[in-house]
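Order-wise, the sequence lines are chains A and B. Numbered according to the numbering used here, the first sequence spans residues -2 to 254. Numbered according to the numbering used here, the second sequence spans residues -6 to 368.
It is possible that part of the hints are untrue.
Under the rule of at most 30 Å between Cα atoms (straight-line distance), these lysine-lysine pairs were calculated in the DSSO-like manner [to be verified]:
(1) B:LYS46 / B:LYS71
(2) A:LYS127 / B:LYS75
(3) A:LYS84 / A:LYS16
(4) B:LYS292 / B:LYS306
(5) A:LYS127 / B:LYS292
(6) B:LYS46 / A:LYS195
(7) B:LYS292 / A:LYS126
(8) A:LYS39 / A:LYS52
(9) A:LYS80 / B:LYS292
(10) A:LYS130 / B:LYS75
(11) A:LYS126 / B:LYS71
(12) B:LYS310 / B:LYS75
Some but not every residue of chain B turned toward chain A, in silico, with C-beta under 8 Å [stated by the list, open to error]:
(13) GLY128
(14) GLU196
(15) ASN301
(16) PRO322
Derived from the structure by calculation, the hints contain no laboratory data. Owing to the predicted nature of the structure, the values given are computational and were not obtained by experimental measurement. The beta carbon of each residue, even a glycine, is placed where N, CA and C say it ideally should be.
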Amino acid sequence: MMCVSMENFIKHIKLQITKSSPDLTESEAREELLEACEDFFKENIYLAGKSITEKAVNRIVNGDTILIFKKSQLILHILLEAKAQNKEFKVVVVDSRPDLSGVSSCERLTAAGIPCSYVYINSSTYIMKKVTKVMLAADALLANGYVLGPVGTAMMGLIANTYNKPVIVCCETYKFCERVQTDSILYNELADPDSMLKTLNAEESPVAGWRESPNTRLVNLVYDTTPPALVSIVITEIAELPCSSAPVVLRRGAVKM
Amino acid sequence: VVSTQSTASFKNHEMDPFLLKKIPKDTVSRLEEFALYLRESKKERRSYVSVVKTVNVFRDLICTADWVTARELIKIIKCYCKYLPLSQSNETDVSNVVRRILKIIREENAGPEATNLADGISAFFKSDMKPSNLGRSDLQDNILNSIVELLVELDTSKSNIINMALEHIHSNERILTYGHSNTIRDFLLHGRRARDFEVIVCESGPSLQGHRMAAELSAGGIKTTVIADSAAFAIIHAVNKVIIGTHTIMADGALRAANGVHQLAMAAKYFSVPVIVCAALYKLSPTHLCSYDPDAFNKVIGPENMLNFSNAKLHSKVLISNPDFDYVPSDLIELFITNTGGHAPSYLYRIISELYHPDDYDLDNMCVETVEDEL
């Protein structure tokens, strides 16, 4: 079971293999494939990231309080670039258990001198009033406009909508996929349930013996889908689009190939 | 870290001299003990226990204090209330019970012609505090009898709520709950006796009370699943109803509940999943939300459960917020199940006018009755 971006990359490589001429020697063919991998990385990840950063940084103004959810390389890159351009803004990092990756987001942001707040997702309604924009990262964009992201993204989108804050999703086009989904359960991943037992104080969780109990289960979802109505804009390297334009991008990609 | 104990409550460490004149020495020590008990508010303290303690302390005060008319008695009680740390957000159930006792005193004083504000606005212009025909001992007996009835009501409030479990849970349902609540746990366990259903519990970080709830429910034979709070939106469309407890019910039907309940209720509203709140009526407070300020409504507690203090570098640079409560507006709630039955949030204003007297809504206000003062 792989995430969407990995699947897309493998599809791309398989296509390169079929397109590769049968006249080449084995080493030449291998060289060609490795170059194709490099090109994919350069075009779709590195340069796409730069283009998205440029567009997203334009949307950050002085005095903003930007809310981010957990850790995303792309979003952190955007914020660090905005700081490098001497924009004055604050960041609220919303984190959730069990992985708590928001802590390393905080560390990187404070190292760059950006003032940070840190809350758990439970308190997101408490701080949402003071936020001006919400920037979320996506793991995939589905063909019906739903955004697949780390679990909790949908909740952030809902709360931001209720308090009328714009929700900006940043997603490279290689993450777009033809799959359609209307809920988060049908197709998802389960991470290690025992990681939910980790507590920050030394006490053991009361459900630590859950495997012995026939009635207890721990479910640690990895992804969730955000409905397109909750997202204001999706920034990709090609353009800034509404969620509903996802199939247009997919078609354009298919025509290109 | 804001310590609410240091603010308003103990600016008068001494009891008012007026109060000290009216009560005997041994009662003073018992009253001081109670104030200390409230000051050391512990998170795990059950609201029912503190409510019963409150009634007993005030019963003691009524019996031993020096008063002749009900007006004097109410003045004494309000004076004592100023001494108690009631402004701490944890103590709304204590304040509510004090208001019930004051209402009992007013009713007994007025006798059979007692005004019930639920009957209409003309009741505002009638006075309950005219000196009664009864002497102190008869009035005191009536008051103490009513207080015994109040104690019985408090005693049976939980069993009245959990007996309604079978009306609200049907077989093969999936119920979502949040964190830990004694009322909800007993409600669900009572339902388990006759029905087979599943419960999904949100962890409720950072205190992780949900783990305790899940352990208790599964020990009682209910199939329980624990999920992280962030997964609530993802699974809520597959859930039949959300049943939660609360710390306080505000006057308009809003809640002051555990941190994270607001977003759960919002997700439930989005998918049209009904949110049912089970709470006894002593949690119903005649106060409204006046401000979202942490000092006024919420309480911010230490972040040691969120980010380890060993990460001192980050603690010194980052503002970490760990609010204890959450404000849930009343339009997100479908039904309240209380010891007097099920009520819609829009009906609570009537219940408040039956339970409490408007002059007691603000316990800091020493005025006994606004009607007579204006005439």
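Results of checking the hints against the structure:
no.: 1; hint: B:LYS46 / B:LYS71; result: 17 Å, holds
no.: 2; hint: A:LYS127 / B:LYS75; result: 35 Å, violated
no.: 3; hint: A:LYS84 / A:LYS16; result: 47 Å, violated
no.: 4; hint: B:LYS292 / B:LYS306; result: 25 Å, holds
no.: 5; hint: A:LYS127 / B:LYS292; result: 18 Å, holds
no.: 6; hint: B:LYS46 / A:LYS195; result: 37 Å, violated
no.: 7; hint: B:LYS292 / A:LYS126; result: 17 Å, holds
no.: 8; hint: A:LYS39 / A:LYS52; result: 18 Å, holds
no.: 9; hint: A:LYS80 / B:LYS292; result: 33 Å, violated
no.: 10; hint: A:LYS130 / B:LYS75; result: 44 Å, violated
no.: 11; hint: A:LYS126 / B:LYS71; result: 37 Å, violated
no.: 12; hint: B:LYS310 / B:LYS75; result: 39 Å, violated
no.: 13; hint: GLY128; result: 54 Å, violated
no.: 14; hint: GLU196; result: 7 Å, holds
no.: 15; hint: ASN301; result: 5 Å, holds
no.: 16; hint: PRO322; result: 10 Å, violated
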